[in-house]
Amino acid sequence: MKKLTGARIAIESLIAEGADLIFGYPGGAILPTYDALLDSKIRHILVRHEQGAVHMAEGYARVSGRPGVVLVTSGPGALNTVTGIADAYMDSTPLVVITGQVSTSLIGNDAFQEADIVGVTRPCTKHSYLVKDVSDLARIVKEAFYIATTGRPGPVLVDLPKDVQQAECAFKFPDKVDLRGFKPVVRGNLRQIERAVEAIERASKPLFYVGGGVQWSDASAELTELAVGLGIPVTETLMGLGCFPASNSLCLGMLGMHGSYGTNTAVCNTDCLIAVGARFDDRVTGRIKDFAPEAESIIHIDIDPSSISKNVKVDVPIVGDIKVVLAEMLRIVKGRESLAKRKAVWQKWHAQILQWQREKPLYERRNGNHVAPLNVVEELHNLTKGDCIIATDVGQHQMWVAQLFPFEHPRSLLTSGGLGTMGYGLPAGIGAKLAAPDRAVVVISGDGSIQMNIQELATAVEYNIDLKVVIMNNYYLGMVRQWQEKFYSERYSYSAMSVPNFVKLAEAFGARGFRIERPAELSSVMKEAFSTPGPVLIDVAIPKEEEVMPMIPPGGAMSEMLFA
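In this note's numbering, the protein residues as written are 1 to 564.
Among these hints, one or two may not hold up.
Per label pair, the in silico range of CB-to-CB distance [as the list claims (entries may be wrong)]: (1) R287 / L354: 42 to 48 Å; (2) P406 / P123: 33 to 39 Å; (3) Q352 / E462: 53 to 59 Å; (4) K504 / K360: 41 to 47 Å; (5) Y463 / K341: 54 to 60 Å; (6) K310 / G181: 40 to 46 Å; (7) K504 / E545: 37 to 43 Å; (8) K527 / Y463: 45 to 51 Å; (9) K172 / P406: 49 to 55 Å; (10) K348 / R43: 51 to 57 Å; (11) F173 / K341: 54 to 60 Å; (12) T532 / N367: 40 to 46 Å.
If you are wondering where the hints come from, they were derived from the structure by calculation, not from laboratory data.
These figures come from a predicted structure and were not determined experimentally.
Quick reminder that beta carbons are idealized off the backbone N, C-alpha and C, glycines included.
Let the sequences and hints guide you as you build the complete structure.
Spelled out as structure tokens, the structure:
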């Protein structure tokens, strides 16, 4: 059997796993693998910063459902991936990150561009490998993809020393993976599923609370069939938006810190909460002891057993793949004629929630000389007919999109949920467009967030990525300013910022730039910008006083929402 270098083995192993796209940045310790990459059929996207590479891989993974692959060098190159890796870990995004490393004989000697990236990333990866023997490399790559995509998805890091890349051995890619300590449960316990259906049937005010796990399990169809068939309202987390069609009257939109009054009031009054692929994080629950206080039964379906009862104690835990569990639940529900009698009761419950929503809508339309966030989101929806992928950064603009844009399909909103990473949106949007070249992709950012990774606009230009970037520009770190106004006595400590001329900056990168300052310009300029091929940046001036409301104050409960 012909011998291959470790570098060739790494590339051939990626090909065997179906990887056809890599996001990366070369450097000394990873050059042997980059040399092997040049002769392969894998497409490589040269980024401008390693953090951008990871966010691109995240965007690619979230849209395609396949793991994103990152290739970078050692030391600072590897360390620059850490924020993205932590982001992927928090939001359950499958990645395989391959980092170059100094030769094994130099590890621990403070060699040039040496960093213990395995140690650094151990808390924010599903698993990390340091390859010490070239004969282990093919197996490790196989295991890395398996771990990243099995059970609750997440990032896996493979640290590859330079001498291992240069060493040779016979190449045979493994047919299967058998990890004794890693056997995720796929099928939920049938008795627990039956208990869940019984609890739902007893309830007068049941409510589905769904998260990003539904997207990763591709269980949107099963969720929709179950919720519509039973007539039970559905509320979504930020990561769950799009799992259930927004046009269905049962869809209540987002719950939690910036959820609507109607939705959060429903959570406060439900007597049976059915959590599906959600983890009860603090931005959803508010003060935990007062979360869903009327719930007599809390059901939790999740692939990750460590998430169950971690934050909120549940009554009916079900560990398993969400798609499989919901399919089994559907089978049981269809066999129970008694459930049909509950629909009349649940219709009254749904009507009550709709009344709460009418009492206190999210935003009231108002006239003025300034462009409002609502206007921007509505114009975006008009231009795309709602059929687009939106990637956001983190801040007020993120919440306005989550509150106001009606997502009809899964894998349509890409955003940093758990870690809240500014600079995520632009590279994630690039990755999304590469995963779905036939779909419209729009990046919504703020003047603060966009500057975190704006260099990736050069990447979009180099590869002619047809991407539209909309900046909601208030010359402030908007969410910071809002908190300072509400909770720090209007002491605006270092939240105002000067910004570049984004139009000229876009043009300097080779993209087109547009500026909108008045409501009368919004429709015509947005239309022109969206009809312009290639990367386009649209700078929209909005008032600094615009706020994301309602909101749950820090340490507060859902019942204590602020409205102004």
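- prompt: In ascending order, which of the hints set out earlier in this document are inconsistent with the structure?
  reply: 1, 6, 7, 8, 12
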